[in-house]
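There are 2 protein chains.
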Amino acid sequence: MARTEIATLGEFGLIEHLTKQISIKNSSTKKGIGDDCAVLDYSGKKTLVTTDLLLEGIHFDLTYMPLKHLGYKSAIVNFSDVYAMNGQPKQITVSLGISKRFSVEDIEEIYSGIQLACDKYGVDLVGGDTTSSLTGLMISITCIGEGEEGKIVYRNTAKNTDLICVSGDLGAAYMGLQLLEREKCVLATSSDVQPDFAGKEYILERQLKPEARKDIIEILAKKNILPTSMIDISDGLSSEIMHICKESNVGCRIYEDKLPIDYVTASMAEEFNMNLATAALNGGEDYELLFTVPLDQYETVSKIPEIRIIGHITEPKFGTLLVTRDGQEFTLKAQGWVHCK
Amino acid sequence: MARTEIATLGEFGLIEHLTKQISIKNSSTKKGIGDDCAVLDYSGKKTLVTTDLLLEGIHFDLTYMPLKHLGYKSAIVNFSDVYAMNGQPKQITVSLGISKRFSVEDIEEIYSGIQLACDKYGVDLVGGDTTSSLTGLMISITCIGEGEEGKIVYRNTAKNTDLICVSGDLGAAYMGLQLLEREKCVLATSSDVQPDFAGKEYILERQLKPEARKDIIEILAKKNILPTSMIDISDGLSSEIMHICKESNVGCRIYEDKLPIDYVTASMAEEFNMNLATAALNGGEDYELLFTVPLDQYETVSKIPEIRIIGHITEPKFGTLLVTRDGQEFTLKAQGWVHCK
Numbered sequence: 656m657a658r659t660e661i662a663t664l665g666e667f668g669l670i671e672h673l674t675k676q677i678s679i680k681n682s683s684t685k686k687g688i689g690d691d692c693a694v695l696d697y698s699g700k701k702t703l704v705t706t707d708l709l710l711e712g713i714h715f716d717l718t719y720m721p722l723k724h725l726g727y728k729s730a731i732v733n734f735s736d737v738y739a740m741n742g743q744p745k746q747i748t749v750s751l752g753i754s755k756r757f758s759v760e761d762i763e764e765i766y767s768g769i770q771l772a773c774d775k776y777g778v779d780l781v782g783g784d785t786t787s788s789l790t791g792l793m794i795s796i797t798c799i800g801e802g803e804e805g806k807i808v809y810r811n812t813a814k815n816t817d818l819i820c821v822s823g824d825l826g827a828a829y830m831g832l833q834l835l836e837r838e839k840c841v842l843a844t845s846s847d848v849q850p851d852f853a854g855k856e857y858i859l860e861r862q863l864k865p866e867a868r869k870d871i872i873e874i875l876a877k878k879n880i881l882p883t884s885m886i887d888i889s890d891g892l893s894s895e896i897m898h899i900c901k902e903s904n905v906g907c908r909i910y911e912d913k914l915p916i917d918y919v920t921a922s923m924a925e926e927f928n929m930n931l932a933t934a935a936l937n938g939g940e941d942y943e944l945l946f947t948v949p950l951d952q953y954e955t956v957s958k959i960p961e962i963r964i965i966g967h968i969t970e971p972k973f974g975t976l977l978v979t980r981d982g983q984e985f986t987l988k989a990q991g992w993v994h995c996k
Numbered sequence: 656m657a658r659t660e661i662a663t664l665g666e667f668g669l670i671e672h673l674t675k676q677i678s679i680k681n682s683s684t685k686k687g688i689g690d691d692c693a694v695l696d697y698s699g700k701k702t703l704v705t706t707d708l709l710l711e712g713i714h715f716d717l718t719y720m721p722l723k724h725l726g727y728k729s730a731i732v733n734f735s736d737v738y739a740m741n742g743q744p745k746q747i748t749v750s751l752g753i754s755k756r757f758s759v760e761d762i763e764e765i766y767s768g769i770q771l772a773c774d775k776y777g778v779d780l781v782g783g784d785t786t787s788s789l790t791g792l793m794i795s796i797t798c799i800g801e802g803e804e805g806k807i808v809y810r811n812t813a814k815n816t817d818l819i820c821v822s823g824d825l826g827a828a829y830m831g832l833q834l835l836e837r838e839k840c841v842l843a844t845s846s847d848v849q850p851d852f853a854g855k856e857y858i859l860e861r862q863l864k865p866e867a868r869k870d871i872i873e874i875l876a877k878k879n880i881l882p883t884s885m886i887d888i889s890d891g892l893s894s895e896i897m898h899i900c901k902e903s904n905v906g907c908r909i910y911e912d913k914l915p916i917d918y919v920t921a922s923m924a925e926e927f928n929m930n931l932a933t934a935a936l937n938g939g940e941d942y943e944l945l946f947t948v949p950l951d952q953y954e955t956v957s958k959i960p961e962i963r964i965i966g967h968i969t970e971p972k973f974g975t976l977l978v979t980r981d982g983q984e985f986t987l988k989a990q991g992w993v994h995c996k
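Each protein sequence line maps, in turn, to chains A and B.
When we follow the numbering used here, the leftmost residue of the first sequence carries the number 656, and every step to the right adds one.
When we follow the numbering used here, the leftmost residue of the second sequence carries the number 656, and every step to the right adds one.
None of these hints come from the bench; they were simulated from the model.
Mixed in with the good hints, there may be bad ones.
No copy is singled out in the list; a pair is fine if it fits within one copy or between any two copies.
Said to hold, decoys possible - Using 20 Å as the maximum straight-line C-alpha spacing, the simulated EDC-like pairs for lysine to aspartate or glutamate come out as follows:
no.: 1; residue 1: 723; residue 2: 917
no.: 2; residue 1: 958; residue 2: 696
no.: 3; residue 1: 755; residue 2: 660
no.: 4; residue 1: 723; residue 2: 660
Treat the numbers as computed from the prediction; the structure is a model and nothing was measured.
Can you build the whole structure from these sequences, using the hints too?
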């Protein structure tokens with residue numbers, strides 16, 4: 656039998672490869688694989704479902720990630736997917752695989768973080784599965800939410816001339832991770848030093864305790880703005896805008912000087928001698944919302960402090976471009992998931 | 656900080672411990688943790704949600720479990736939970752953690768098994784997550800189904816004098832596992848022998864390719880029988896009837912001579928010199944339905960060939976009893992999940 660290495664396809668390729676044969680059988684399934692959430696119709700309201708699997712050593716490092724934060728973040732990343740459909744998360748199920756290394760108190764810590772997130776975002780924990788694992792910790796969370804008929808926002812509906820908007824700022828979670836990794840190495844070689852995190856709290860919080868942008872969904876609703884497309888930024892801005900462009904069959908122009916970046920992120924990038932735009936474009940784990948709105952919404956959107964207009968949608972023939980500060984144009988590159996890098 | 660070993664609580668104790676503080680916030684959440692499924696109200700129909708996490712080395716052994724069968728079984732165990740609520744599974748999400756050891760073809764095999772189960776049971780695969788893992792394979796499936804208002808059957812509503820019924824037969828999947836384990840040991844010590852499975856196909860199929868009892872739900876509906884309580888048998892009959900009794904605050908009498916057991920299961924138990932009743936009561940992975948019906952349904956239920964009446968519900972003070980062939984009474988023992996046994 657032929658053997659194709661998973662690495663030759665990459666994450667998106669593998670998923671596409673595996674799911675292309677799947678057809679929809681139930682009238683209650685309005686949207687299956689291919690967006691942040693599946694959309695189901697159970698009369699009246701739409702049901703949104705999303706799921707994430709987090710594995711120790713792949714998605715998190717318990718050397719610096721407290722278990723409570725891990726629980727919190729695990730829930731948040733799912734809520735973020737529901738908001739990215741312009742929906743409201745309502746329930747989650749939590750499955751845990753636990754090796755002997757973990758105690759009851761450890762699992763309580765994880766649950767307390769999950770519960771904190773649930774309380775803050777008004778979500779019920781409604782089920783799950785708990786089992787032993789041979790090695791390490793694994794967390795699988797499924798989130799179910801509701802969306803209103805006609806107000807669910809997909810990623811395949813961006814239109815030429817739409818404005819491209821992003822909430823919050825970018826690259827901070829990635830720089831927080833770099834900082835944590837550096838301090839981990841320092842601690843590994845010397846036992847009498849303390850990690851130096853002074854003034855870096857913001858980027859650490861962005862990595863260790865991210866939030867989902869429920870507030871943005873509420874602001875947009877209040878201002879009567881319905882995005883034409885939306886996605887949450889988990890794999891980096893480049894990767895996500897390329898999803899929108901591919902699915903919507905459009906191109907884009909993103910302006911480097913419009914990218915929202917916090918000054919701690921910028922100073923950390925300088926300290927690490929890293930390209931700041933690359934961190935903002937490809938860092939990932941921002942959990943901000945990336946969305947498009949019609950051009951005639953410019954006046955309204957530009958006045959919302961939490962939102963930045965970073966570019967616009969073009970005809971597909973122009974490609975997906977980054978315009979640098981000095982006016983040069985580069986084709987955006989996505990840095991997706993790399994199998995066992 | 657105190658350290659309590661998870662083993663001191665056990666699976667059910669741990670879950671109870673972790674979830675006792677959880678309160679329900681949304682009016683759409685009709686039933687959270689504590690049954691086979693969570694019940695949600697999205698106007699009109701009820702939405703059922705269930706999830707299972709399967710880990711290599713814990714739940715399955717790829718030495719003898721073909722990947723396609725593994726995919727099939729992973730889906731089936733979730734469907735079974737939805738049928739156990741008298742519901743119909745409609746959608747699943749599938750999350751996979753995959754180590755480098757697996758190729759694209761391997762993952763295709765898993766998916767083809769999942770898809771086969773979905774096709775057979777009329778279920779849509781609507782989402783999921785795929786990621787690399789450091790070691791081994793993990794499968795997390797969440798199933799969403801629908802149930803009709805007033806027809807969802809819980810496990811906490813059995814009544815004194817109710818008849819206790821079970822579908823199919825018991826202990827076969829467990830004996831199939833014993834056979835597979837034996838042949839694995841034989842093959843490990845000698846390379847020039849072939850596994851001897853002749854005449855044992857039934858118990859192998861029960862272990863490697865179980866089915867969910869959609870047919871039983873349909874038969875009961877056709878005969879206008881609404882069970883007073885129901886659960887699926889994943890951890891063994893003893894464990895499941897004890898769930899019903901505890902949650903419903905009732906006792907039970909189960910008759911050993913009424914337990915439905917296939918002759919292949921019986922002959923295998925004899926060959927292995929194992930107690931047959933123990934295999935039927937505690938073997939697990941039967942994925943049959945265990946349910947209670949009012950006493951006045953005796954005539955109707957006793958005529959259904961796929962269903963066996965195995966005992967009756969009593970007042971709680973009489974306890975949960977097994978009545979042996981020679982008339983002795985023993986208190987049933989549950990053999991739940993043992994942490995890293």
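Which of the numbered hints are not met once you compare them with the structure shown? 1, 2
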